[in-house]
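If you count the sequence shown from 1, position 41 lands on 41 in the numbering used here, and the numbers rise without skipping.
Derived by calculation from the structure, the hints in this document are not laboratory data.
A few of these clues could be false.
The calculated lysine-lysine pairs, modelled on DSS-like cross-linking and capped at a C-alpha distance of 27 angstroms, are [said to hold, decoys possible]: (1) Lys277 <-> Lys297; (2) Lys212 <-> Lys277; (3) Lys155 <-> Lys410; (4) Lys228 <-> Lys277; (5) Lys89 <-> Lys56; (6) Lys212 <-> Lys89.
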Amino acid sequence: MGVTTISKNCVISAPRMRDKGDAIPTDWRFVSVEDIAATRANAIVGGPFGSDLVSKDYVSVGVPVIRGQNMAHHYVSGDFAFVSPDKAKQLQANTARAGDLIFTQRGTLGQVSLVPGAPFDEYVVSQSQMKLELDARKASAEYVYQYFVSAPGQKQIIDSAIQTGVPHTNLGILKKYEIPFPPTLMEQEAIGEALSDADALIESLSRVLAKKRQVKQGAMQELLSGKKRLPGFDAPWGRVTIGSFTSCTAGGTPSTNIDAYWGGNIPWMSSGELHLKHVYGVDGRITDEGLRNSSTKWIPAGCVLIGLAGQGKTRGTVAMNHIPLCTNQSIAAILPVDSYDARFLYFNLDSRYEELRELSAGDGGRGGLNLNLIRGLEVPIPCLDEQRAIAQLLADMESDIVVVDSRLAKARAVKQGMMQELLTGRIRLVQPAPNAKLSRARFADDNIASTVAERRTLLNG
Numbered sequence: 001m002g003v004t005t006i007s008k009n010c011v012i013s014a015p016r017m018r019d020k021g022d023a024i025p026t027d028w029r030f031v032s033v034e035d036i037a038a039t040r041a042n043a044i045v046g047g048p049f050g051s052d053l054v055s056k057d058y059v060s061v062g063v064p065v066i067r068g069q070n071m072a073h074h075y076v077s078g079d080f081a082f083v084s085p086d087k088a089k090q091l092q093a094n095t096a097r098a099g100d101l102i103f104t105q106r107g108t109l110g111q112v113s114l115v116p117g118a119p120f121d122e123y124v125v126s127q128s129q130m131k132l133e134l135d136a137r138k139a140s141a142e143y144v145y146q147y148f149v150s151a152p153g154q155k156q157i158i159d160s161a162i163q164t165g166v167p168h169t170n171l172g173i174l175k176k177y178e179i180p181f182p183p184t185l186m187e188q189e190a191i192g193e194a195l196s197d198a199d200a201l202i203e204s205l206s207r208v209l210a211k212k213r214q215v216k217q218g219a220m221q222e223l224l225s226g227k228k229r230l231p232g233f234d235a236p237w238g239r240v241t242i243g244s245f246t247s248c249t250a251g252g253t254p255s256t257n258i259d260a261y262w263g264g265n266i267p268w269m270s271s272g273e274l275h276l277k278h279v280y281g282v283d284g285r286i287t288d289e290g291l292r293n294s295s296t297k298w299i300p301a302g303c304v305l306i307g308l309a310g311q312g313k314t315r316g317t318v319a320m321n322h323i324p325l326c327t328n329q330s331i332a333a334i335l336p337v338d339s340y341d342a343r344f345l346y347f348n349l350d351s352r353y354e355e356l357r358e359l360s361a362g363d364g365g366r367g368g369l370n371l372n373l374i375r376g377l378e379v380p381i382p383c384l385d386e387q388r389a390i391a392q393l394l395a396d397m398e399s400d401i402v403v404v405d406s407r408l409a410k411a412r413a414v415k416q417g418m419m420q421e422l423l424t425g426r427i428r429l430v431q432p433a434p435n436a437k438l439s440r441a442r443f444a445d446d447n448i449a450s451t452v453a454e455r456r457t458l459l460n461g
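Please put together the full structure from these sequences, using the hints given.
The following block contains the structure:
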């Protein structure tokens with residue numbers, strides 16, 4: 001068998017190229033996990049036998065145990081269970097340290113995380129996880145991690161799982177996973193660093209977004225109930241039902257069997273589009289004939305919309321339309337009037353999602369909402385000026401959240417693009433050998449528009 005140089009002083013066996021249409025540079029190879037694992041005992045190991053680690057072994061302080069709930073992020077984290085140092089010694093074969101990769105064996109397949117260098121020196125792997133210790137002379141842990149969280153890596157994990165009973169995998173399958181492998185450790189590390197930088201931004205933005213949502217939720221609870229007053233407002237609040245100050249209506253659906261009713265110029269909103277929250281456009285279009293021959297009707301911009309029924313979480317979802325449109329029969333529209341601020345009502349009802357679902361008529365609260373229930377909803381309401389002030393403050397918070405959420409979505413999309421290009425060798429961060437060429441089967445265009453430098457600029461923009 002031939003060899004491929006991985007670092008200055010280290011060689012590994014070169015596995016055969018996979019004949020599956022994968023296009024990688026000619027100086028790359030596919031290697032199996034067992035080819036790049038450390039050679040020491042228990043480099044690839046699962047958790048202890050069931051009776052060797054049970055709930056009574058857990059203590060309040062000690063050596064952390066890695067479970068599925070600790071694998072939601074790049075590095076294992078979160079609320080750990082602990083075992084005593086003595087117990088950890090008994091489970092020495094099942095310990096993990098900085099730089100090891102952890103895979104879920106049963107449960108949420110596809111979970112992969114790295115073990116960080118702090119704040120703990122070692123961890124115990126639970127029965128539902130597996131540990132991989134790499135040979136640091138051959139493989140970059142960050143590179144291998146990034147491959148297994150990529151779409152091809154995830155597909156390999158899921159496709160190779162044993163489907164009998166609870167889907168699961170095992171150490172034998174883990175050892176045979178294959179990875180597209182750059183020829184040098186330097187190139188692996190460069191790819192891993194670039195993708196890790198993208199992950200760091202994504203996690204930072206995720207934390208900022210969670211904090212902003214938490215602050216907004218707290219502000220809604222206090223401001224919309226009158227528990228906290230804005231400066232300059234001290235008049236008492238009242239409590240009124242929605243039906244006492246405005247009207248509610250529901251829409252309808254033209255017959256889908258009549259083509260003449262569909263494909264016109266009238267925007268028609270389905271309940272599934274309530275998730276848009278602020279509706280500036282919808283997919284559905286009906287004709288004047290469809291409008292005339294159904295119970296749907298035009299509603300003005302500025303209505304507060306509530307899902308009366310629908311799949312999953314749609315029932316009780318609140319939105320606002322910012323254009324005139326028609327709706328289906330599963331949406332209630334609370335019409336705007338001059339005596340209240342529609343945005344104030346939107347925020348009030350949006351904060352009461354669980355309450356709205358519990359109000360559902362029939363079948364122990366599992367049925368649908370209806371217009372009478374909506375009309376009978378009580379709303380604590382201040383004077384119009386205070387309504388507007390509260391609504392504006394919450395709208396500003398919402399706008400901040402939208403900005404961060406948009407940047408997070410962009411960062412995730414950019415990272416996906418980087419993974420597609422870097423983990424296949426389509427873009428090289430380290431100068432390849434002069435005779436290395438991309439396989440022409442898949443990558444025929446040498447004029448790659450996006451470079452990693454440009455993508456990093458996007459991430460930081």
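Which of the numbered hints are not met once you compare them with the structure shown?
6
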